[in-house]
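Protein chains: 2
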Amino acid sequence: MTNRTLAISCVVWTVAVAALMASSDEPIQPIPPARIANAAMVELGKKLFFDPRLSRSGFISCNSCHNLSLGGTDNLRTSIGHGWQEGPINSPTVLNASLNLAQFWDGRAKDLQEQAGGPIANPGEMASTHVLAVDVIASIPGYVDEFSRVFRTRDVTIERITESIAAFEETLVTPNSRFDQWLAGDATALSSQERAGYDVFKRTGCPMCHNGPAAGGTSFRRMGVVEPYQTASHAVGRVAVTGSEADRQSFKVPTLRNVELTYPYFHDGAVDTLGDAVDVMGRVQLGHRFTPDENASVVAFLRTLTGDMPSFALPRLPPSSDRTPRPTPFR
Amino acid sequence: MTNRTLAISCVVWTVAVAALMASSDEPIQPIPPARIANAAMVELGKKLFFDPRLSRSGFISCNSCHNLSLGGTDNLRTSIGHGWQEGPINSPTVLNASLNLAQFWDGRAKDLQEQAGGPIANPGEMASTHVLAVDVIASIPGYVDEFSRVFRTRDVTIERITESIAAFEETLVTPNSRFDQWLAGDATALSSQERAGYDVFKRTGCPMCHNGPAAGGTSFRRMGVVEPYQTASHAVGRVAVTGSEADRQSFKVPTLRNVELTYPYFHDGAVDTLGDAVDVMGRVQLGHRFTPDENASVVAFLRTLTGDMPSFALPRLPPSSDRTPRPTPFR
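Protein chains in written order, with this note's numbering: chain U, 692 to 1022; chain A, 692 to 1022.
No wet-lab data here; the hints were simulated from the structure.
Note that beta-carbon positions come from the ideal geometry of N, C-alpha and C, so glycine has one too.
Heads up, a few of these hints could be off.
Residues of chain A placed beyond 10 Å of chain U at every Cβ, according to the derived structure [as the list claims (entries may be wrong)]: (1) Ala731; (2) Glu734; (3) Gly749; (4) Leu761; (5) Ile771; (6) Asp802; (7) Ala875; (8) Ala878; (9) Asp938; (10) Gly978; (11) Asp984.
In silico contact screen, one side only, chain A against chain U (beta carbon under 10 Å); selected entries [to be verified]: (12) Phe750; (13) Tyr920; (14) Thr1015.
Extracted from the complex, chain U is given alone in its bound form:
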């Protein structure tokens, strides 16, 4: 890092901390800009995130279902896995995922590194194995050179693969939304409708769950508190992790950051529009029927949570070698 870059980083960081202090009485806090501790590891992780060779088919990468051109999700109700299998649950966005208390809808992975290993070996998703994924990456000279630079060893392991992917994902934060500008003191950053929507959002109790820098990701909650949530989904929620019946239909509260980009909504992806999502949340979680004006203003507020998207050049992946195991999409 050059002195100039360091100085700019310090200024950005100081401004972010100042904004955090200025807005300390609000339930939603600003997102600080990414702090990149190990740039070489982030670059390696970025390549791996985009590399479909981590899947058995050679066709599905992390970016397939957490598409960084589309707000870090696939905008499908449930995702498409190996062999066009229909996934059991809606892909959560990877944007700001580092701010979640745990990963996956049921929180079964404690952090991003643990999460990253899941889909690679899930037969319904990327359908590879950790052994095969390591064999593939270790057979690609360009990757081995990069592992050597990052880890001081040419030994490729699944832990180093997932650590690198997680390091990249930690950079995928979206600061500087209009709402964050308003939190930092710029009264002109929001329209009167948007400010009114935020007031409705707070007054009706939404921040009980949607709080913190990510406006979510801080707790698990039952879907259907006041009235049952009707769904065709077979997902059982956090009971799968805790074994406690009290956690049935309990899911991690999703972030509201960039929510205008991360449709369709809920763990089952059953709702296509923000207006419908606000309506359902009001009824089943809060026992509140939003008036059309309230609904429109909350939706307007939610659209102010779209921040600066991560910006980087499309990665170019090192070519396979003659000894790289070949993808087997059709057998």
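Assemble the complex: chain U is given as a structure, and chain A must be docked to it using the hints.
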């Protein structure tokens, strides 16, 4: 374009033309850098190229099978289409595709714009229709604004969609390979083995088909001239376009540019390594059995044809609106 950018472009262009003249007696000619006539249209086309909403599933984009992280191809024997259908033929690279005399292996599209409309509506590929694709794009305000800027109308048509994609694809050239540096007069750009490989390449007749700036793409040739090419592929070749039996098993000669990235090889993708591809070409097309030394040197030469990859930020796609037709991957 600023004066400075214009000046740089002129210098680059002049150098390229000088290189062309210096190397005019060689069968492979340098690739000139991209000339961008309409930057706004290129930007629009880039977004569309990456947009999976042009497919019925919302999952497959142009970039899925012509992956610009992977040399403009998918590195699969044949591609994966809607519903995980197994494609009939190997995806040709989109890199330098503007230099081809026609598009598709059988040349059934006269240019990139005509090509771009094919996969969108092909039931085995993106499985949308031109009507649906237009409905989707026309429902997305961010796209309509961009069409308005580029075409001076808010009327989205399939012709404007494919014209934009083609404008982007025309920028996907890969100049400045080590071989091009050598053509331009830098004697140190190639090793003695690589120069020897180029000599073998010329002496054994490869440039009869692999010639011009793309080292291919200038003609259709029968696969299996000297001895039959054994394949499990049902692709019939150019006879499908011309109706002439003489064109059975005749395919467009693929470019050799970036060939180290565009494995597996041939229209059926049956060959994984460059060494095997050179061996097969020698036997079935030229009646020549390359010695191991010859093979290794030709492969070394072929690896010098990797040029500068197009570099650009991963595009961010405008979000769907409440009225956007939703993807239907599973029905």
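Cross-check of the supplied hints:
The Cβ of Ala731/A sits about 19 Å from the closest Cβ of chain U, beyond the 10 Å cut-off, so the non-interface label holds. The beta carbon of Glu734/A is kept farther than 10 Å from every beta carbon of chain U, the shortest such distance being approximately 13 Å. Look at Gly749/A: its CB is around 6 Å from the nearest CB on chain U, not clear of 10 Å, so calling it non-interface is violated. Residue placement check: Leu761/A does not keep its beta carbon more than 10 Å from all beta carbons of chain U (closest about 6 Å).
The beta carbon of Ile771/A is not kept farther than 10 Å from every beta carbon of chain U, the shortest such distance being approximately 5 Å. Taking the minimum C-beta to C-beta distance to chain U, about 25 Å, the non-interface status of Asp802/A holds against the 10 Å cut. No beta-carbon of chain U is positioned within 10 Å of the beta-carbon of Ala875/A; the least distance is around 23 Å. With 10 Å as the threshold on Cβ separation, the claim that Ala878/A sits away from chain U holds: the shortest Cβ distance comes to roughly 27 Å.
No Cβ of chain U comes within 10 Å of the Cβ of Asp938/A; the nearest lies about 29 Å off, and the non-interface call holds. No beta-carbon of chain U is positioned within 10 Å of the beta-carbon of Gly978/A; the least distance is around 25 Å. Listed as outside the interface, Asp984/A is consistent with that label: its C-beta sits roughly 17 Å from the nearest C-beta of chain U, beyond the 10 Å cut-off. For Phe750/A, the suggested interface contact is upheld, since its CB lies about 5 Å from the closest CB of chain U, less than 10 Å.
For Tyr920/A, the interface hint is violated, the least distance from its beta-carbon to any beta-carbon of chain U being 20 Å, above 10 Å. Satisfaction of the interface hint for Thr1015/A is found here, the shortest Cβ-Cβ separation to chain U being roughly 9 Å, below the 10 Å cut-off.
Of the numbered hints given earlier, the model fails hints 3, 4, 5 and 13; all others are met.
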